[in-house]
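**Q** Listed below, chain by chain, are the residues.
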Amino acid sequence: MEVIFVLIAISLILAGTFLFLFFRAMKGGQFDDNHTPAIRILFENKPNNKNKEVPSTKSK
Amino acid sequence: MSNPVRLKPITEHQACFHCGEQCTSEILHFDGKEFCCSGCKLVYEVLSESELCSYYDIADTPGISQKSNQGKDNRFDYLDDADIIDKLVDFKNQQEIHITFFIPLIHCASCIWLLENLHKLHSGIVSGRVDFIKKKVQVKYNSDQINLKEVVQLLSKIGYEPSINLADSDKKKPEISDKKLIKKLAVAGFCFGNMMLFSLPEYFSEAELLGEGFKKTFNYLNVFLALPVFFYAATDYYRSAWLSVKNRAVNMDVPIAIGIVTLFIYSLFDILYLGNEGYMDTLGGLLFFLLIGKYYQQKTYDTLSFDRDYKSYFPIAVTKVVRNREEVIPLIKLQVGDIIKVRNEELIPADSILLEGEATIDYSFVTGEEVPISKQKGELIYAGGRQKGNALTLTVQKSPSQGYLTDLWNNESFEKDKIQDLASLANRISGKFTFIVIFIALLAFAYWAYAGQVSTAVLAFTSVLIITCPCALAMSTPFTLGNTLRVFGQGKFYLKNAQVIERLARVDTVVFDKTGTLTDPGKASVTYSGESLSPETQSLIKGMVSQSTHALSNRINSWLEGVTATSLEQVLELTGKGLQTIYKGQQIRLGSAVFVGANTKNLPSGGNLVFLAIEEQVLGYFYILSGLREGIAEVVSEIQGQAKVHLLSGDQDHERENLQQTFGQDVLMNFNQSPKDKLTYIQQLNQSGVQTLMVGDGLNDAGALQESQVGIALTDNITNFSPASDAIMDASMVQKLPRFLQFAKTSRNIIKASFGLSFTYNVFGVFFAVQGLVSPVFCAILMPISSISVVVFTTVTTNYLAYKRGLKPKIW
Numbered sequence: 001m002e003v004i005f006v007l008i009a010i011s012l013i014l015a016g017t018f019l020f021l022f023f024r025a026m027k028g029g030q031f032d033d034n035h036t037p038a039i040r041i042l043f044e045n046k047p048n049n050k051n052k053e054v055p056s057t058k059s060k
Numbered sequence: 061m062s063n064p065v066r067l068k069p070i071t072e073h074q075a076c077f078h079c080g081e082q083c084t085s086e087i088l089h090f091d092g093k094e095f096c097c098s099g100c101k102l103v104y105e106v107l108s109e110s111e112l113c114s115y116y117d118i119a120d121t122p123g124i125s126q127k128s129n130q131g132k133d134n135r136f137d138y139l140d141d142a143d144i145i146d147k148l149v150d151f152k153n154q155q156e157i158h159i160t161f162f163i164p165l166i167h168c169a170s171c172i173w174l175l176e177n178l179h180k181l182h183s184g185i186v187s188g189r190v191d192f193i194k195k196k197v198q199v200k201y202n203s204d205q206i207n208l209k210e211v212v213q214l215l216s217k218i219g220y221e222p223s224i225n226l227a228d229s230d231k232k233k234p235e236i237s238d239k240k241l242i243k244k245l246a247v248a249g250f251c252f253g254n255m256m257l258f259s260l261p262e263y264f265s266e267a268e269l270l271g272e273g274f275k276k277t278f279n280y281l282n283v284f285l286a287l288p289v290f291f292y293a294a295t296d297y298y299r300s301a302w303l304s305v306k307n308r309a310v311n312m313d314v315p316i317a318i319g320i321v322t323l324f325i326y327s328l329f330d331i332l333y334l335g336n337e338g339y340m341d342t343l344g345g346l347l348f349f350l351l352i353g354k355y356y357q358q359k360t361y362d363t364l365s366f367d368r369d370y371k372s373y374f375p376i377a378v379t380k381v382v383r384n385r386e387e388v389i390p391l392i393k394l395q396v397g398d399i400i401k402v403r404n405e406e407l408i409p410a411d412s413i414l415l416e417g418e419a420t421i422d423y424s425f426v427t428g429e430e431v432p433i434s435k436q437k438g439e440l441i442y443a444g445g446r447q448k449g450n451a452l453t454l455t456v457q458k459s460p461s462q463g464y465l466t467d468l469w470n471n472e473s474f475e476k477d478k479i480q481d482l483a484s485l486a487n488r489i490s491g492k493f494t495f496i497v498i499f500i501a502l503l504a505f506a507y508w509a510y511a512g513q514v515s516t517a518v519l520a521f522t523s524v525l526i527i528t529c530p531c532a533l534a535m536s537t538p539f540t541l542g543n544t545l546r547v548f549g550q551g552k553f554y555l556k557n558a559q560v561i562e563r564l565a566r567v568d569t570v571v572f573d574k575t576g577t578l579t580d581p582g583k584a585s586v587t588y589s590g591e592s593l594s595p596e597t598q599s600l601i602k603g604m605v606s607q608s609t610h611a612l613s614n615r616i617n618s619w620l621e622g623v624t625a626t627s628l629e630q631v632l633e634l635t636g637k638g639l640q641t642i643y644k645g646q647q648i649r650l651g652s653a654v655f656v657g658a659n660t661k662n663l664p665s666g667g668n669l670v671f672l673a674i675e676e677q678v679l680g681y682f683y684i685l686s687g688l689r690e691g692i693a694e695v696v697s698e699i700q701g702q703a704k705v706h707l708l709s710g711d712q713d714h715e716r717e718n719l720q721q722t723f724g725q726d727v728l729m730n731f732n733q734s735p736k737d738k739l740t741y742i743q744q745l746n747q748s749g750v751q752t753l754m755v756g757d758g759l760n761d762a763g764a765l766q767e768s769q770v771g772i773a774l775t776d777n778i779t780n781f782s783p784a785s786d787a788i789m790d791a792s793m794v795q796k797l798p799r800f801l802q803f804a805k806t807s808r809n810i811i812k813a814s815f816g817l818s819f820t821y822n823v824f825g826v827f828f829a830v831q832g833l834v835s836p837v838f839c840a841i842l843m844p845i846s847s848i849s850v851v852v853f854t855t856v857t858t859n860y861l862a863y864k865r866g867l868k869p870k871i872w
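Going down the list, the protein sequences come from chains A and B. Quick note on the working numbering: the first sequence kicks off at 1 and runs consecutively. Quick note on the working numbering: the second sequence kicks off at 61 and runs consecutively.
Hints were generated in silico from the structure; no laboratory data involved. In this text, all values refer to a predicted model and were calculated from it rather than measured experimentally. The reader is advised that the hints may include incorrect statements.
Unchecked claim - Covered stretches of chain A, as calculated for chain B (at least 3 residues, CB under 8 Å):
| id | stretch |
| --- | --- |
| 1 | 4-16 |
| 2 | 19-26 |
| 3 | 33-41 |
Glycine residues also receive a C-beta, built at the ideal position from the N, C-alpha and C atoms.
Starting from the given sequences, assemble the full structure and let the hints guide the process.
**A** Structure representation (structure tokens):
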């Protein structure tokens with residue numbers, strides 16, 4: 001039954017990691033705008049353009 | 061003399077390829093496509109040169125009409141000013157500058173596509189990034205290749221003119237508070253989830269599934285997990301409770317804070333000292349649900365940001381004349397004594413004396429009177445007026461912050477905080493609630509202590525506080541009001557905050573402003589009587605009125621829709637009289653009866669008359685009535701069932717009879733009201749003890765809107781104007797106003813009902829708690845059930861009732 005302590009540790013670390021990842025994603029601005037990206041993904045990049053650098057998808 | 065002639069509209073309208081508007085006055089052909097104006101054609105040209113025509117593939121006619129956007133090349137000159145640039149930019153280094161523009165014209169997927177392809181239009185622009193919901197674009201550009209002014213000019217050239225105002229440049233408020241709340245919510249959720257897991261042995265305490273050792277460890281883990289909840293997630297409640305205690309007013313957060321602290325300390329004592337299981341999971345759940353409610357409420361407020369600052373109304377820059385040279389400076393740098401130039405359609409930025417030019421000032425925003433006033437040299441012109449006509453030279457008498465508008469704005473009634481005198485319903489109830497709870501808890505403590513059972517006394521005291529912890533009570537209000545705000549928002553009725561709903565529910569007197577509120581500027585009715593107009597005369601009239609900015613000219617102009625204007629060399633506008641021109645050697649006059657020398661017998665009354673005369677020969681007249689908004693008569697009569705209706709108007713009273721007929725005899729009407737009069741009128745109403753709702757259309761009613769218990773600003777363009785009001789309503793939604801008023805009352809009743817529900821739970825809980833019979837299981841089950849049931853109850857009832865009353869298209 002002592003194995004349950006290991007499991008608890010793992011579960012806490014796992015859940016804590018998700019919390020940390022959530023904070024990081026939020027700081028990175030992933031939740032700032034959840035409408036535009038859904039439209040943006042539908043635009044096609046035409047290949048015949050002079051091929052300038054496509055704007056990066058990171059907000060900052 | 062009275063056979064009304066109606067113009068037949070031009071039958072075949074061609075839709076503009078760029079903006080989709082009907083091409084009425086001119087049709088331009090280019091590239092096999094039709095355009096309604098040269099502006100639209102220009103945008104198309106720019107886009108096709110840069111091979112960006114897939115703009116038109118994403119949506120049909122995605123453009124914005126360019127008709128109104130022509131002329132005035134130096135209006136962005138202030139963007140050369142280094143101070144202004146520094147205030148506007150987000151980020152700046154050696155080469156790159158990042159700036160965020162607010163562009164109200166963003167409306168479809170094509171807009172996003174074009175604005176994100178700005179770098180193809182100018183090599184100096186690195187990228188554009190759109191936030192569709194907030195209608196914002198972040199542009200990054202190389203400062204050595206393009207400057208801010210050129211960026212803005214480029215944007216406005218392709219039809220996306222950013223709206224820049226002083227409030228923006230004053231520094232944007234960071235949205236940190238929202239993020240903090242989400243973080244707290246995440247922490248609470250994380251801890252709550254895990255604590256539930258560790259409390260599992262508690263929930264099955266009878267089963268003795270695990271040994272004592274496990275139970276202890278789990279309890280300690282719970283204490284450990286409760287720390288971030290207690291010391292981080294709950295901090296907002298301590299602060300709010302402390303502030304309210306400091307101000308000697310008990311608000312909703314006081315019992316919550318007491319509950320949280322008691323729960324935590326007692327659980328700590330219970331676990332560490334008595335070796336029991338405590339209520340840490342309950343604490344986690346409580347905070348989690350409370351924060352969800354708070355987040356939900358905040359989300360609903362985000363629908364519209366209200367700007368009560370007068371600065372957003374003023375222009376950001378003015379043209380200053382220094383040694384015969386024009387120079388565009390930011391408004392904040394304007395000083396007394398400066399000489400400024402104000403062009404056609406520009407606002408007077410500060411109280412000034414007219415030095416040169418013919419001033420025809422439209423004060424419709426300030427006084428409500430539509431007809432422009434003419435001013436002579438040397439006269440004082442107040443801030444807030446709009447010049448109609450040629451450019452003026454003025455000398456500034458007061459700095460912009462001391463102008464007439466600012467006086468109106470800073471009127472002492474504006475300073476009064478309405479929230480203070482009207483404690484909201486929930487706060488009043490929860491205030492009493494707190495005292496009752498503490499009283500019962502103390503009573504239970506005293507009873508058991510007297511009986512000699514101290515441990516039971518402590519248990520009873522804390523469990524009363526815990527079990528009655530008003531989380532259900534606390535959640536019912538934000539959830540109901542939040543839902544109501546959302547329902548209103550869907551009906552294009554945006555409230556400043558939830559307290560407005562409670563004030564709306566108490567309204568018993570509704571005051572309407574006439575101009576722009578009851579009347580629709582676009583719906584004026586124009587009829588022509590007299591000799592019928594030949595197409596040539598029509599286009600001649602159109603040519604005359606299109607050169608004038610008078611309100612009546614505008615109406616005749618829009619009545620002559622579809623007619624091509626004759627280009628006239630010289631149209632003389634005689635203030636207070638009318639228009640005069642020479643066409644093919646004939647003198648043409650358009651204006652008042654005296655001006656054209658018309659006979660004034662047998663004429664219709666109640667509206668404005670404009671006569672047409674050729675070579676002293678009167679041909680006929682236009683009869684112009686300001687049109688009422690659609691369905692407004694029904695609105696007024698429906699409201700009369702609920703409240704008294706008053707009507708204030710800045711206009712002369714020549715329409716009194718007309719209005720009295722439409723609205724009935726019970727409506728109290730007052731004409732010739734200046735903004736000050738309107739304000740005093742509302743003040744008098746307030747003093748007589750009634751709860752007033754003022755419905756106006758903006759700044760000319762600013763004082764009255766602010767003074768009334770609830771001020772609603774009707775606007776035809778929500779993104780354009782944000783006045784000093786408690787709510788903004790889309791003018792097309794005014795028919796629903798009575799239903800909104802009703803619904804405000806309903807939502808108040810829903811809150812009361814949910815209070816009843818949560819009181820039932822509480823009475824039930826207290827019954828057991830005072831006997832010291834409450835076990836953790838009981839607490840853990842009753843609390844979430846009561847909270848969840850209250851939330852479900854309020855959400856379902858508000859949505860269902862809103863749907864049933866036709867305020868919502870769907871239940872969800």
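**Q** Next, verify each hint and record whether it holds.
**A** So, going through the hints one by one against the coordinates:
Three residues within the 8 Å Cβ limit are the bar, and the stretch 4-16 of chain A against chain B gives 7, so the coverage statement holds. Chain B is given as covering the stretch 19-26 of chain A, and this holds because 4 residues of the stretch bring a CB closer than 8 Å to a CB of that chain, at least three being needed. Using a Cβ-Cβ cut-off of 8 Å, 5 residues of the stretch 33-41 of chain A lie near chain B, which meets the minimum of three, so the contact claim holds.
In this structure, every one of the numbered hints holds.
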